[in-house]
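K.L.:
Make the full structure from the sequences, and use the hints.
2 protein chains.
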Amino acid sequence: MREVYHEELSSFRARLVELTQSAHDALVRATRAVLDTDRELAELVIADDQTLAAEHHELDQRAIGLLARQQPVARDLRLIVAGLRMSADLARMGTLARHVAELAAQRYPSEVVPGSLRPTITAMGAVAGRLAGGARDAMLSWAPDAAAELDRDDDELDHLQALLYRQLLSGAEGVDIATAMDVTLLGRYYERYADHAVSLAKRVSYVAGARVRSSGTGRLGVEP
Amino acid sequence: MREVYHEELSSFRARLVELTQSAHDALVRATRAVLDTDRELAELVIADDQTLAAEHHELDQRAIGLLARQQPVARDLRLIVAGLRMSADLARMGTLARHVAELAAQRYPSEVVPGSLRPTITAMGAVAGRLAGGARDAMLSWAPDAAAELDRDDDELDHLQALLYRQLLSGAEGVDIATAMDVTLLGRYYERYADHAVSLAKRVSYVAGARVRSSGTGRLGVEP
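These protein sequence lines are chains G and R, in that order. Heads up: the first sequence runs through residues 1 to 224, numbered per UniProt numbering. Heads up: the second sequence runs through residues 1 to 224, numbered per UniProt numbering.
Relax, there's no trap hidden among the hints.
Not the full set, but computed from the structure, chain R residues with beta-carbon under 10 Å of chain G:
1. Asp60
2. Gln71
3. Val73
4. Leu77
5. Ile80
6. Leu168
7. Asp176
8. Met181
9. Thr184
10. Leu185
These stretches of chain G come out as covered by chain R in the derived footprint (C-beta under 8 Å, 3 or more residues):
11. 64–70
12. 76–84
13. 164–173
14. 179–192
These are calculated hints, taken from the structure and not from any lab test. Don't be surprised by glycine CBs; every beta carbon is placed ideally from N, CA and C.
P.N.:
Listed below in structure tokens is the structure:
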């Protein structure tokens, strides 16, 4: 019975890593679709998000099943509660990647990002992808300081978003009202995606920190 | 012991209702701040969001404490898991109201919304506020069909957002690039706020439906 339980927990953890990889891949593809005006790739990302939604639902069911059947305490409880929240973060990241892809699909064959803004969007896509990769790596190591390592990239993404908005405002070439609206939303999608990636890593730190501390204090709490 | 437990559950439920009321009030005030170019009111909403974050943290702690100490099953487990997610929805609604208020504060003494777009933003604020009020009422009745009643308002908000974007694109009076960027984000904040309000009501339906069914099947699951 306990062995099955530990297998279930371990598989739950592995599933979180896989879904983080999927959220990473979705954003990388969506960014390529929007920069390359690639409708086929955009539609692939959009279709994949449907599958992802079902997979998150399945992960949530597992978490609730574990809570109901095993009545976990201490660090296991923290892992499962954190996992439920991570599942929500991951689902949102997938949806934000889909929104990026939807812009590419809706504007096709026009391009969403004028040439003057391509370097900024390229950089935002790269940093956001790195954040998701960092969250995935954090889940592999379960290191208590996992979140700290993502801070620099998160700051960089905020700076890139501010730069993007300044570029739009300062009359960058090829920017009309329609472009400004699309690119404003695009910037917002990347920023939200990055926030969720940082949130993932924070939850890993919370579970990992708890693991270190749990034998000492047994304190229960949750990161904001 | 069981009596304390039921009191804790009942107080947990009551707290969800209060926090929904707070999220409602924050949006109503933020909308007034943005339409009346009222910096003082905007700053009140911004300051309140800090308090709200602490209150959500406290609610999460309660939920995790209940899971750890009481190891609830069936409908109580569903209520607490749903409550954790509702807390996340509510925190997000508060932050979105803050973002609306931040636009008012950052642009002051300029107005964010030009006269030509005021009716649309006024309507979006009213519908979003009604959705939050509907979610609160659903939590008071815990009726299984609570979510269905919010669908019409959610559709209306989507239509208003589409109208807003059409107005921006069709060269409504007073719309330059900067205005288009602000108002695009404003529209997005209302739309996200409304989605979270609908999500709250769906979780109520999930808990309420489970209560009706739980004696029969004992089935555990979770709405997407």
